Amino acid sequence: MTLEPDHAEADEATAPVTAATAGQSAIADVSYRNYDGEMPLRPLLARAWTIAAATVRANVNRRKFGYWIPAALILVINFFLGIIHYVTQNVRDQMAAQAAMTGGLIGGLPEGPANPYALTLYQGVTWSLFLVFIAALTVGSSTIAADNRANALLVYFARPITRLDYLVGKWVGLFLLLAPLTLVPSLLLYLFFVATYNDVGFLKENPTLIFRLLGATLFPAALHASLMLGFSAWSKTPRMAGAVYAGFYFVVSVLSGVAGNILLERDQEQKQAKTTAIVSNLSVSGVASGVAMNLYDVTPRQVVARFQSGGRRRRRPTPSPSPTPPAVAATPAPSGASPAPAAGAPDGAREPRRPRRRGPVVLPERPGMPAMLFVGGLMIVLPLAAAHAKVRAVEVVRG
Amino acid sequence: MSMAAPPSSLSADPPATDANAAAFAGMPLVASTRELTVRYGARTVLPSLSLSIPEGCVGLLGPNGAGKTTLLKTLMGFLKPTAGEARVLGLDVATDVLRIRQRIGLMPEQECHIPGMSAVQFVAYAGELSGMPPAQAIRRAHEVLEYCGLGEARYREVETYSTGMKQRIKLAQALVHGPKLLFLDEPTNGLDPQGRDEMLALVRDVSHGKGLSVVVSSHLLPDIERTCDAVIVVRSGQVVRQGPLAELSRTAQAEYELDLLAYSPSFTEAVARRGGRLLSSEGSRLRFTLPPDAAAGRLFFEAARETGAQVRGFRPAQRRLEDVFMEAIEQ
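Quick note, the sequences are listed as chains W and C, same order.
Per the working numbering, residue 1 is the first one in the first sequence, and the count goes up by one each step.
Per the working numbering, residue 1 is the first one in the second sequence, and the count goes up by one each step.
Check the hints yourself; a few may be wrong.
[What the hints assert, rightly or not] Cβ-to-Cβ under 8 Å is the rule here; a few derived chain C residues that face chain W:
| hint | residue |
| --- | --- |
| 1 | Met76 |
| 2 | Leu79 |
| 3 | Thr82 |
| 4 | Gly84 |
| 5 | Glu85 |
| 6 | Asp205 |
| 7 | Arg305 |
[What the hints assert, rightly or not] Simulated coverage check for chain C against chain W, where a stretch passes if three residues somewhere in it have a Cβ under 8 Å from a Cβ of chain W:
| hint | segment |
| --- | --- |
| 8 | 135-148 |
| 9 | 172-184 |
| 10 | 210-222 |
| 11 | 278-292 |
| 12 | 308-316 |
The set of hints was computed from the structure by calculation and includes no laboratory data.
Computed from a prediction, not measured in an experiment: that's the story for all the values here.
C-beta: ideal position from N, C-alpha, C; glycine also.
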């Protein structure tokens, strides 16, 4: 009998108890075995795709209502837009046909916008933007913040994963979750247009519409994915990331809206219409809307003309033909007293309500595409750069 | 396509310049540093550190702030050294960090997991991140979870795990891709005695005869003593002692441990008369140092015959790791 090395006894004593060590016949070998299988060092895109796929799976499996309800609502909105479009187009076509047949005895509807299909698609995107924001908050706030909280970055970066792989993977995952929210309804609308077109030449007449549709529907997803990623990277908890992004979204929207309105009021002659248009769209949804407006080649005036909504309207004060009558009461009336009758009004009778003047509607111009792309590009690149600066395996406190 | 096998050791590399490197002379190395300097801002944590880590299970010991974790982070490529060179599995940390990470497993000190995943999803995902095909990763995840004792709980979300289970899953995710080198940073942190025993048994098992080298960073000397074959003691970013545990625990003088049936003061006096000196006594276990030329067996049995004490056993004394550590730290 040979003496075993010292450790052999210890090994036996400390080895995990398996069926074999318990003196029974083993039905499974649960001892550690080395992995000698295939494991190549993959390129960046493959590494990022692993992370992107996991991000999508995690969010889809969790059945988040904050994602699925906006998705359903966007579908509903686009469904009704499709119906409205169908009805108005049919009525317009029929009335035009009647006008032609009756030699103008029965008039047609006034001319519609240049491209009603693009306009409907544009409306579909812009009306969905807030819901996309809600969905982005739901699925995006935890993207990196949850990893920060669970120290998951140590798991990622202890493997052949770079910061760029990680960020690209997370961004693509988030983008893949958000893009279908606007893309799928718009594609369905597009198919509906193709199917219900009263001629065979839809694609010939709108050859670039599908590409413009892709750009307009994917841009908001890219925008939200980048911004959400940036805020999430700098937060320790998903709740904090969501709150900060929501604050940013609303504050920037309010500020750009107020600034745009002030410029619009001051610039009655519309000498600085382009600047005003850009300032009015300097928000997350504003940029997305501005890009879509350019891609679909629609103007705020067309939107208002068709739907009587959707644009900011300011009434230009028109000079009154006669000077406004001076205020009747030079001194304030005692409290509780009824206002004095206006000059010229019959005794005891109130001054009739003056009809409101309806001046021409002042709408902001369409913001220029280069400006929108520049602002949108900044909104996409800067958060990613900020996230890249923050995401690390270990926090280095420099003493 | 199979991966080109990396050099499994650094034997071909020039040895680290530290004088202590002689402690591992002839042993194949898995990692080494040469004049490695790491700074956090103005504070130098590792000042020109040179060390060699041999194959097998190696304990990285040192007081808090000694630079153990910083060394592991640098070897993983998390921190960029200001100067010097570090090589892991024959690859340069500065240029081959992704290949190094593919062959290394890290069990960090702090709790870490991917949120929202079950154990099997988490471990399989960790394997995929390392480059394993998804089907292989899931199969391997089941294997390592069974091995780590989490087979029954593999479909539970990791967030619901107890501290002990979280420690085990950290080990599982570090093992899933079959690393050649495993870094364990305080593997028994927060475990109860039973959990600690089980974790040490796993570490001991995985580091012996499985073709896997393990570096255990810990300040718990009993953990190192139970699992490791060699130790490296670090203080203020410098190696103060390193070598195989068996060599370090060898005493410089002739020291012996005796087990008596019962403690006998007259036996102690009889040994003292023959030139021996009592170093310590715990119950009936006595520790003596003898003159260098003394024949230990004859001396003890003569003293026993003289006093009527019954000697149940005696052996050359070994220093405990704690003694080695304290000596190295207080140098």
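Ascending list of hint numbers which this structure does not respect: Result: hints 3, 4, 5, 7, 11 and 12 break, sorted rising.
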